[in-house]
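Asker: Under the numbering used here, the first residue of the sequence shown is numbered 12, with each subsequent residue one higher.
Keep in mind that the hints were calculated from the coordinates and are not lab data.
Straight-line Cα separation of at most 30 Å, DSBU-like style, residue types lysine-lysine; simulated pairs:
id: 1; residue 1: K524; residue 2: K977
id: 2; residue 1: K389; residue 2: K516
id: 3; residue 1: K652; residue 2: K618
id: 4; residue 1: K389; residue 2: K494
id: 5; residue 1: K491; residue 2: K452
Label pairs and their calculated CB-CB ranges:
id: 6; residue 1: I337; residue 2: P719; range: 35 to 45 Å
id: 7; residue 1: D481; residue 2: D441; range: 25 to 35 Å
id: 8; residue 1: S461; residue 2: A777; range: 36 to 46 Å
id: 9; residue 1: P329; residue 2: T42; range: 32 to 42 Å
id: 10; residue 1: N733; residue 2: N966; range: 44 to 54 Å
id: 11; residue 1: N283; residue 2: T80; range: 41 to 51 Å
id: 12; residue 1: P257; residue 2: E581; range: 49 to 59 Å
id: 13; residue 1: S461; residue 2: V776; range: 34 to 44 Å
Yeah, the Cβ is synthetic: ideal placement off N, Cα and C, and Gly gets one too.
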Amino acid sequence: MKHLKLILALAVITFVASCKKSNSDTTAAKTETQKDANGFSYQSVANDPTGLRLYTLDNGLKVYLSKNTDEPKIQTYIAVRAGSNYDPKESTGLAHYLEHMVFKGTDQIGTVNWETEKKYLDTISNLYEKHRAEKDPDNKLAIYKEIDRVSLEASNYSVANEYDKMSSSLGATGTNAYTWFEQTVYTNKIPVNELDKFLALESERFGQVVLRLFHTELEAVFEEFNRGQDNDGRKRYAAMLEGLFPNHPYGQQSTIGTAEHLKNPSMIDINNYFDKYYVPNNMAVVLVGDLDFESTIQKVNNTFGKFERKEVEHPVLPKEEPLTAIVENEVYGPTAESISIAYRTGGVNTEEEKLVTLADMILANGNAGLMDLNLNQKQLVQYAGSSTTFLNDYGYHSLSGSPKEGQSLEELKGLMLDQINKLKKGEFEDWMIDAVINDLKKSQLKQFESSTAVADAYVDAFIHNEQWEDKVRFLDDLKKITKQQLVDFANSFYKDNYVVTYKRKGNDDKIVKVQNPGITPVNLNRGANSKYIEDFNKMESEALKPVYVDYASAIKTTKTDSGIKVSYIENESNDLFDLNIIFDMGSDNDKKLDLAVGYLEYLGTDKYSNEDLKKEFYKLGIDYYVNTGNEQTFIGLNGLKENLPKGLELLEELLDNAVPNQEAYSKYVQSIAKGRQNNKTNKGSILRSGLMNYAKYGENSSLRNIIPVTELNSINPQELVNLTKDLKNYKQRMFYYGKDVDNAISAINKSHKVNQDLKDYPEAVAFTEKETGGNVYFVDFDMVQSEMMFLAKGEPFKAENMAASTLFNTYFGGGLSSIVFQEIRESKSLAYSAWSNYSTAREKDDSNYVMAYIGTQANKMPQAVEAMMGLMNDMPESEAQFNAAKESTLKQIAAQRINKSSIFWSYERLQKLGISEDNREAMYNAIKDMTLADLREFFNKNIKGEDYNVMVIGNKKDVDLKALNKLGKVQEMDVDYLFNYEKQEDVKM
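Go ahead and model the full structure; you've got the sequences and the hints to work with.
Answerer: Quick look at the structure:
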């Protein structure tokens, strides 16, 4: 759906007000200034469905507060109005690297002897300045080795990950941060009862920055840089920005920075950046959740209100001349070919923002846009879509696409520009603008049920200096735009003034190879504590009691006139509904079923063409889907509840009366074949799908249980249509989430006609899990990093192990303060990403698995493997760290709320495991009584000494295959074989 794309693209639509009250009159949106019970002044906006209170403290700090009682948690963001745009030209990547360092502590957090540690850190800073100025490579290396030596000494006085330990002890989730052009934002989601401790911790953290453990973290950033080099989508995006912004930092300074600048950092520059921009009048605290306004703002003022205001002068950034000609760029890499066409737009708070937003949705909304109907539905391309991004100074409207087999990128470009021309000619229905507005309102209703989505909206309003009332009014402003105004704008705006970026398959000669610097592992001092953390741990919070679900009472049931069981839960939040028809059979029961339901997407009926059906659904504000997994098939319908009867009638029309179309089927098969070829170029899919399934099942797996393309060509499309029509004759059940259950049942009785006697499912193919151990499955792939996973088959699922495995994952390998993260990234700088977990089976008859992952430079792989295997066979033990992990796990369970439609889907998952009650109660009680000795016993029984199948993807020229041989027999795998694809030359279309 397009609204999901808008979230990912950071488009303004995700930031505008939703319509929790569908009849609210947002035209009356107006900012009002009021005082709360304690005399704090705040702004609010009339008819704002998010209920924002915007406070400004005396020191200039903005505080965005909003109430959401769905769960006893608060989504927190601490936002700084500074990002990579403000990096010094000689220190690109600085803002992002500073973001990493803000997790390292202060002169109070993360140190056992600040006075002594500071002397070493000052020496390291001076050495980095010498290193930066030095031109002779040998001398540079000598200075670096001295940095490494002094850093080891300094680490004797530091405590790694103290901030992460404290945030974890709160029961926080989502502890992270991100940097972009104009912002750096720090994220946590905390239990509401931990707000006092959270504010104390964060106000200490943002009071100063200490650049400890600097060179090990720099290596982690280098690994992040390498991940970007392995991402062809990022490379295409960077080339697009460079073309759009030949002068502005948007196109001239990447957030990650250049390799040369990363190699030559300045700690002085980083400290100066922090001192300049991390000041209260350039920051915002955003809190959205189950909070009390009056007490919360007092607490924020008592902590962050102590920060000293400083004048902030943001740099004046270069202006861009209008684009007057087409700019062409090319990037190369191993993944499938693609293209982007981008137009530079005005930034936030401009009229262009509104017009481009509307134009974008007319072009592509996931259902009835020009690109949706004319390109995707007609299968003239593999994929085409569009998105918008609006920033402070400029924005961009980007069209992107993937070509069909045999289609050139130039041909794809022509087809995409044809849709722009249709927009300019006004070749879209008059009702489309109203339908687009309704679509956006519907998506906002869904989004703003989430405290995280609301908090995201506030962050962007702050970063872009936007008045919240303008966001509340945004959709009404769109409503005022007429079709003629939009067409006139399109003709003046969309000209030969775009940047086209071709992502072609081939060798990228711009790849930067980075040497392994040979860092000496620093000391973690896992058993040590700063005085700050000792005092922090003494702070008491009122305990939060867990709340469990009584599924028997929470999920109501009824039956249709045909005897179909309908489970339902009332939607008490808004007027949206979600109806699912569930068949407990999938492609394992009939591998043509997935093919058939996919084909349905391109069909019409004897009454409606495929295009007409899409338009009718879009007019109603209704989305539908039919999809098949390995074990289940779902027919779904969701949208505005008042349109459920008409939407269901339309869906049943398609299911009952679909008309096969040979041309559509031939194109569909071509698309499947091309999709398989594209999938072979996706390293993530090769590792996590192809290699993983082979390591688990060998040749006989659901993944390989596919129909060859040559066989697809011989299938009669009528057979597939008959298969979807016959679906309704099988046993089925339903789940309805929404209001007016009786009306929903009436609509089902009227439109969903089925026989009284329904058929049993065909027998499913069984796939047997293989024993693991002694195998290394390797795929040669053109990439900078190497990635590897370890897999060991464990015991069959046992419900009583879930408590221990959950606690183990928190302690050992599941977060920033975990053992694996500390050892492999923090101490040894061997990877950007490394984790390990004990993975619970999805079904009661399946096995649990021990899993681990490392993503690192190929020249670090032997060391990384040795480090990971050492941990997997000898778990480091720390009583303090265990207690923190235990406390974190218990608090997370206590703060978790399963509500709304999640109640049904969580029950479905438990049923597959043979569990009928909310097992979190048993887990919580078991974890309360666990000791480190219990965890050691679990480790020794389930982790230690396991036999692993190892999966590796990397460049054969760089990977040390001899080192891999120590793990087992190395077998170089053919990607076609992994997925059971035919060789491309064997496929005749």
